[in-house]
Each structure stands twice: as C-alpha cells, then as structure tokens.
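S.K.: What follows is the residue order along each chain.
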Amino acid sequence: MKNEYYNSEDLKKFTNITDWNKELGDKFFNYYESVFAEGKLSSREKSLIALAVSHVVQCPYCIDAYTKDGLEKGVEKEEMMEAVHVGAAIKSGAVLVHGVQMMNRYNKLSM
Amino acid sequence: MNKSRTMNVSKQLDILNNGIFSNGKLPLFKEKLKEVNIPDIKKVQLKILQLNIGYMCNQTCSHCHVDAGPNRKEMMSLKVLNRCLSLMIENKIETVDITGGAPEMHPNFKWFVKRIREKTKVDEIIVRSNLTIILANKKFFDLPNFFADNRIHIISSLPFYNREKTDNQRGKGVFDKSILALKELNKVGYGKANSNLKLDLVYNPSGAFLPPDQESLETKFKEKLYNDFKIEFNNLFTITNLPISRFLDYLIASDNYEEYMETLVSRFNPNATKELMCKNTISISWEGYIYDCDFNQMLDLKINSKNNTVFNCKIEGLVDKKIEISQHCYGCTAGAGSSCQGTIA
Numbered sequence: 026m027k028n029e030y031y032n033s034e035d036l037k038k039f040t041n042i043t044d045w046n047k048e049l050g051d052k053f054f055n056y057y058e059s060v061f062a063e064g065k066l067s068s069r070e071k072s073l074i075a076l077a078v079s080h081v082v083q084c085p086y087c088i089d090a091y092t093k094d095g096l097e098k099g100v101e102k103e104e105m106m107e108a109v110h111v112g113a114a115i116k117s118g119a120v121l122v123h124g125v126q127m128m129n130r131y132n133k134l135s136m
Numbered sequence: 032m033n034k035s036r037t038m039n040v041s042k043q044l045d046i047l048n049n050g051i052f053s054n055g056k057l058p059l060f061k062e063k064l065k066e067v068n069i070p071d072i073k074k075v076q077l078k079i080l081q082l083n084i085g086y087m088c089n090q091t092c093s094h095c096h097v098d099a100g101p102n103r104k105e106m107m108s109l110k111v112l113n114r115c116l117s118l119m120i121e122n123k124i125e126t127v128d129i130t131g132g133a134p135e136m137h138p139n140f141k142w143f144v145k146r147i148r149e150k151t152k153v154d155e156i157i158v159r160s161n162l163t164i165i166l167a168n169k170k171f172f173d174l175p176n177f178f179a180d181n182r183i184h185i186i187s188s189l190p191f192y193n194r195e196k197t198d199n200q201r202g203k204g205v206f207d208k209s210i211l212a213l214k215e216l217n218k219v220g221y222g223k224a225n226s227n228l229k230l231d232l233v234y235n236p237s238g239a240f241l242p243p244d245q246e247s248l249e250t251k252f253k254e255k256l257y258n259d260f261k262i263e264f265n266n267l268f269t270i271t272n273l274p275i276s277r278f279l280d281y282l283i284a285s286d287n288y289e290e291y292m293e294t295l296v297s298r299f300n301p302n303a304t305k306e307l308m309c310k311n312t313i314s315i316s317w318e319g320y321i322y323d324c325d326f327n328q329m330l331d332l333k334i335n336s337k338n339n340t341v342f343n344c345k346i347e348g349l350v351d352k353k354i355e356i357s358q359h360c361y362g363c364t365a366g367a368g369s370s371c372q373g374t375i376a
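So the sequence lines, in the order shown, correspond to chains F and S. Each number in the working numbering comes from the position in the first sequence (counting from 1) with 25 added on. Each number in the working numbering comes from the position in the second sequence (counting from 1) with 31 added on.
Derived from the structure by calculation, the hints contain no laboratory data. All C-beta atoms, glycine included, are put in the ideal place defined by N, C-alpha and C. A couple of the hints might just be wrong.
A short list of chain S residues far from chain F (calculated; beta carbon distances all over 12 angstroms) [to be verified]: (1) Ile46; (2) Thr126; (3) Tyr192; (4) Tyr234; (5) Asn266.
For lysine-lysine, the following PhoX-like pairs were computed, each having C-alpha atoms within a straight-line distance of at most 20 angstroms [unchecked claim]: (6) S:Lys110 x S:Lys169; (7) S:Lys333 x S:Lys353; (8) S:Lys169 x S:Lys78; (9) S:Lys73 x S:Lys229; (10) S:Lys63 x F:Lys37; (11) S:Lys152 x S:Lys214; (12) S:Lys78 x S:Lys61; (13) S:Lys73 x S:Lys61; (14) S:Lys353 x S:Lys61; (15) S:Lys261 x S:Lys223; (16) S:Lys310 x S:Lys352; (17) F:Lys71 x S:Lys73; (18) S:Lys110 x S:Lys345; (19) S:Lys251 x S:Lys78; (20) F:Lys65 x S:Lys152; (21) S:Lys352 x S:Lys333; (22) S:Lys305 x S:Lys261; (23) S:Lys229 x F:Lys102; (24) F:Lys37 x S:Lys78; (25) F:Lys102 x S:Lys141; (26) S:Lys141 x S:Lys253; (27) S:Lys123 x S:Lys169; (28) F:Lys93 x S:Lys196; (29) S:Lys56 x F:Lys38; (30) S:Lys253 x S:Lys196; (31) S:Lys196 x F:Lys102; (32) F:Lys38 x F:Lys71.
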C-alpha cells in the first residue's frame, strides 16, 4: 500500500501553513530563519545539529532537507554520519538512563 | 570519429523548454526576469574572449558540459586560430580564456599562446588546465615552465580536497595525479604568496546540489591542501553545475532533474544578473562560431546576430545585443550566482 502519510512533495508546501494562520505561521518562519542565521555557531554547525535532531525526531522531511543543506555547506558524509550517531547516542542514553529508575524501583520493592 | 555519448542538442533544448517549464510548474527564465522587473540581459563592452580550441581531453568527467574525452577530434583550425589572433589585435581584449577539452592537447597550443604574447596587447591569458595533462605524457612535462614563461594564469578543476569525491567525478586516480601536478606548478612559483603566477582552483558540486559558500570553502581547501600535501594556490572558485550535456544526462538518469531545476528556480537571485559573465564575454567554438558563453556554445545557441562567426562579426557591434537565454541560465543566477570566475553576487 502506498504510504500516504509522508509525501516528499509536501515539504515544498510547508509555507502553506500560513494560509490558515498567517500571524503564527509568519512568526514561526521568521523565528526559524533567525535560528539558522550565522551566529556564535556557524550555519554549517547549525546544519549538522539540525541533521542530528532530524534523525532523533525521525522527521523524513527534515532529513531530506538537512542532508541537502549539508551538501550545500560542504559537509562530508562522514561528518553527517557522526552527527547521526550523536543523536542516536543521546536517544539511546535517554532510554538507558531510565534503567536507573527501574533499578531504584526494583530495589525499593525488593527485600 | 567524433564520439559524443550524451544526448543531442535538440533533445537537451526540448527538455529545458518543455515539461516542467511548459506545464506551469516552473517559470521560463525570461518569465522569471520579467517577474522581478529585470529587462533583457544585454552585452556590455567586451573584456573576455573565451576560446574553446577543441574537445579532446585525457579525462572523461561525469559533469563535463563539453562532453569532452579522448575520442573527441573536434579541434580549432589554424585559420580560426589566426583569425582569433586578429580579433585580439583589432579589439581591446583584456583577457583571453583558453579552454577545451584539455587545450594543451591541441597541436598548436604552444604556438598560439606564444603568438598572443608576441603579437597582441592582451594582459591576461587564462588556461583552463585539468592538471593531469601535465603528467599524461612526457611531451607535456614541460608545461609548468611553459606556463610560467608565458605568464599564464592557470585555472584548474579540483572538485574536492579528498580522493573519493574527486575520483568519483573526474575518474579513478585523478586526485593523486592532480596533487602531483599541483606540486609541479608550486615548484615553478605558481600559487605562492610572493609570486605573480596565479593558480586558481575550481570546485563544482559532485551531484545535484548547489555549491557551498565560496569564501569558507576556500579557507577549508587551503587548510586541507596545505596540511595534507603542502600545496598552495590563490583563489577557489565555486561553480554551479549547469543542467546541460553530461550533467543533464546524470540529472535525468538519477531522477534528480525536476528537484534540481526547482532548486535553481527557487534560489533565483536577481542580484546575480548584474554580473553575469555572458555580458562581457564571448565564447568562440573550434569552428569559429561566436556564442554568449561556453554553455550556449554547447547548446548551439549562437549570438543574436547574422554575423556570428569570427570571420564576419564586428566585436564592437555586439554591445547592447540581447543575450540568448534558456532555462540553463538559472544555473548562473542561483544563490551566490556562478561564472567561470566563481560566484558573482
């Protein structure tokens, strides 16, 4: 069955969200543009952070967008994969650190 | 036999003029100019004479817009070369930009360069060297000294500072040979800080995306090439791949054509139209036909004049002539813009 939930063509329609709420949509896109501008972090560094987060939040649109953005910023594939591993490490770390909670609970309930 | 394996020119123009550009999905380049109130792009005073002296090359690069290679036999005749020399004498030309193919493979290459120096007042002679030609055969080993003796400005493609990306685009072993050739050029003084022998490198994306910021990539190239190989050069030019010839074949075969054209159109930068190289350059083919740029030459879009050869064209009469455009022109106006001398906006 064709997956109707994610369609790569929809990424191009992202700005259409302003059609149904211009004020909030415009605020979001202005904010987004400011976030990714050169700052204390370079736009290249921000692109790599965005790529890692894209994987963590498992957003296919964002992965497409920030892989291409990385290429246009001269990011090498090895750097991209390292960034993905940073995301994976944080995500798996977040699972595993809850193991302490499980251990606490286990110990509290056990004799 | 002249072996071109890329699709023919009329097929390329058909793709560029129809499909997404005729079904309302994307605007034609002329419509885009109108949309942002930019009048027709016209010729200004000529500064650069770009000569494509032949399609023969020792490499077969996957992005090559000339579709050059070892089997291409097209070559500028002595008659056309001599007429080009006359044009340089009769007109005020600041720069002659010699390209190909590998221009050094033309049997009259050295004679021609020496003649330009002896007979004309041309200030700058650019040779677009693919680097590996210097090591291809012992008859080319003296090229670095020849370039230096004739104050040639060398501009060479090096798609990336690592082996993998360079070899993927330009062929196996090209990176290592290019590094050796760059060392030979450094040895005779090219690219050194205290030298007037200029060596510039050209980056073009190894796929369907726009080039990175020219300045920051130049810093990275300089750092990597010096740290890894002690190589020095002057400037890095980032150039956008134009959707013609072999690169158009790639875009279609890899199903990237529509997305790439959408990217070029969505990144259209009106400021880039101010410094387009086609305004102050003419590109001359091996047969002596005149075009507004090398890309138009490959699409056989000759200048907007009945007198369109080196034998009947009055150079000064080209000022204010409308430049021939098509949808490939979006490649020179996307993002920071693109020209044979890098970004333009």
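S.K.: If a hint holds in the structure, say so; if it does not, say that too.
M.R.: Each hint, compared with the structure:
At the 12 angstroms boundary, the C-beta of isoleucine 46 of chain S stays outside the reach of chain F, the nearest C-beta of that chain being 21 angstroms off. In this structure threonine 126 of chain S is separated from chain F by more than 12 angstroms, as the shortest Cβ-Cβ distance comes to about 29 angstroms. The Cβ of tyrosine 192 of chain S sits about 10 angstroms from the closest Cβ of chain F, inside the 12 angstroms cut-off, so the non-interface label is violated. With 12 angstroms as the threshold on Cβ separation, the claim that tyrosine 234 of chain S sits away from chain F is violated: the shortest Cβ distance comes to roughly 9 angstroms.
A cut-off of 12 angstroms between C-beta atoms confirms that asparagine 266 of chain S is not in contact with chain F; the least separation is 16 angstroms. Simply put, lysine 110 of chain S and lysine 169 of chain S have alpha-carbon atoms about 28 angstroms apart, too far for the 20 angstroms limit, and the pair is violated. Proximity of lysine 333 of chain S to lysine 353 of chain S is assessed by CA-CA distance (about 11 angstroms); at most 20 angstroms being required, the pair is judged to hold. Among the hinted pairs, lysine 169 of chain S with lysine 78 of chain S is inconsistent with the structure: their alpha-carbon atoms are about 35 angstroms apart, more than 20 angstroms.
As the CA atoms of lysine 73 of chain S and lysine 229 of chain S are separated by approximately 30 angstroms, the hinted pair breaks the 20 angstroms bound. At roughly 19 angstroms between alpha-carbon atoms, lysine 63 of chain S and lysine 37 of chain F fall within 20 angstroms of each other, so this suggested pair holds. A hinted pair counts as satisfied when its Cα atoms are at most 20 angstroms apart, and lysine 152 of chain S with lysine 214 of chain S does not qualify at roughly 31 angstroms. For the hint pairing lysine 78 of chain S with lysine 61 of chain S, the CA-to-CA distance comes to about 25 angstroms; that exceeds 20 angstroms, so the pair is violated.
For the hint pairing lysine 73 of chain S with lysine 61 of chain S, the CA-to-CA distance comes to about 13 angstroms; that is within 20 angstroms, so the pair holds. Among the hinted pairs, lysine 353 of chain S with lysine 61 of chain S is consistent with the structure: their alpha-carbon atoms are about 12 angstroms apart, no more than 20 angstroms. In summary, the hint linking lysine 261 of chain S to lysine 223 of chain S is supported, as the alpha carbons are separated by about 11 angstroms, within the 20 angstroms threshold. A hinted pair counts as satisfied when its Cα atoms are at most 20 angstroms apart, and lysine 310 of chain S with lysine 352 of chain S qualifies at roughly 9 angstroms.
Straight-line distance between C-alpha atoms of lysine 71 of chain F and lysine 73 of chain S comes to about 40 angstroms, which puts the hinted pair past the 20 angstroms bound. Distance hint between lysine 110 of chain S and lysine 345 of chain S is fulfilled; the C-alpha atoms sit about 18 angstroms from each other, no more than 20 angstroms. With a C-alpha separation of about 31 angstroms, the suggested pair lysine 251 of chain S and lysine 78 of chain S falls outside the 20 angstroms cut-off, and the hint is violated. A hinted pair counts as satisfied when its Cα atoms are at most 20 angstroms apart, and lysine 65 of chain F with lysine 152 of chain S does not qualify at roughly 49 angstroms.
For the proposed pair lysine 352 of chain S and lysine 333 of chain S, the alpha carbon gap of about 12 angstroms is at most 20 angstroms, so the pair holds. Proposed proximity of lysine 305 of chain S and lysine 261 of chain S is contradicted: the alpha carbons are some 38 angstroms apart, above 20 angstroms. At most 20 angstroms may separate the alpha-carbon atoms for a hinted pair to count; lysine 229 of chain S and lysine 102 of chain F exceed this at roughly 32 angstroms. Note on lysine 37 of chain F and lysine 78 of chain S: the hinted pairing is violated, with a Cα-Cα distance of about 41 angstroms set against a maximum of 20 angstroms.
A distance of roughly 42 angstroms separates the Cα atoms of lysine 102 of chain F and lysine 141 of chain S; the hinted pair therefore is violated under the 20 angstroms criterion. Taken as a hint, the lysine 141 of chain S and lysine 253 of chain S pair is broken in the structure, with Cα atoms around 30 angstroms apart against an allowance of 20 angstroms. Proposed proximity of lysine 123 of chain S and lysine 169 of chain S is contradicted: the alpha carbons are some 37 angstroms apart, above 20 angstroms. Annotation: proposed proximity of lysine 93 of chain F to lysine 196 of chain S holds, straight-line Cα distance about 16 angstroms (limit 20 angstroms).
About 13 angstroms separates the Cα atoms of lysine 56 of chain S and lysine 38 of chain F, which keeps this hinted pair within 20 angstroms; it holds. Only pairs whose Cα atoms come within 20 angstroms are accepted, and lysine 253 of chain S paired with lysine 196 of chain S is accepted, the gap being roughly 17 angstroms. Of the pairs offered as hints, the one joining lysine 196 of chain S and lysine 102 of chain F holds, with about 10 angstroms between alpha carbons and a cut-off of 20 angstroms not exceeded. Taken as a hint, the lysine 38 of chain F and lysine 71 of chain F pair is broken in the structure, with Cα atoms around 23 angstroms apart against an allowance of 20 angstroms.
The structure shown violates the earlier hints numbered 3, 4, 6, 8, 9, 11, 12, 17, 19, 20, 22, 23, 24, 25, 26, 27, 32.
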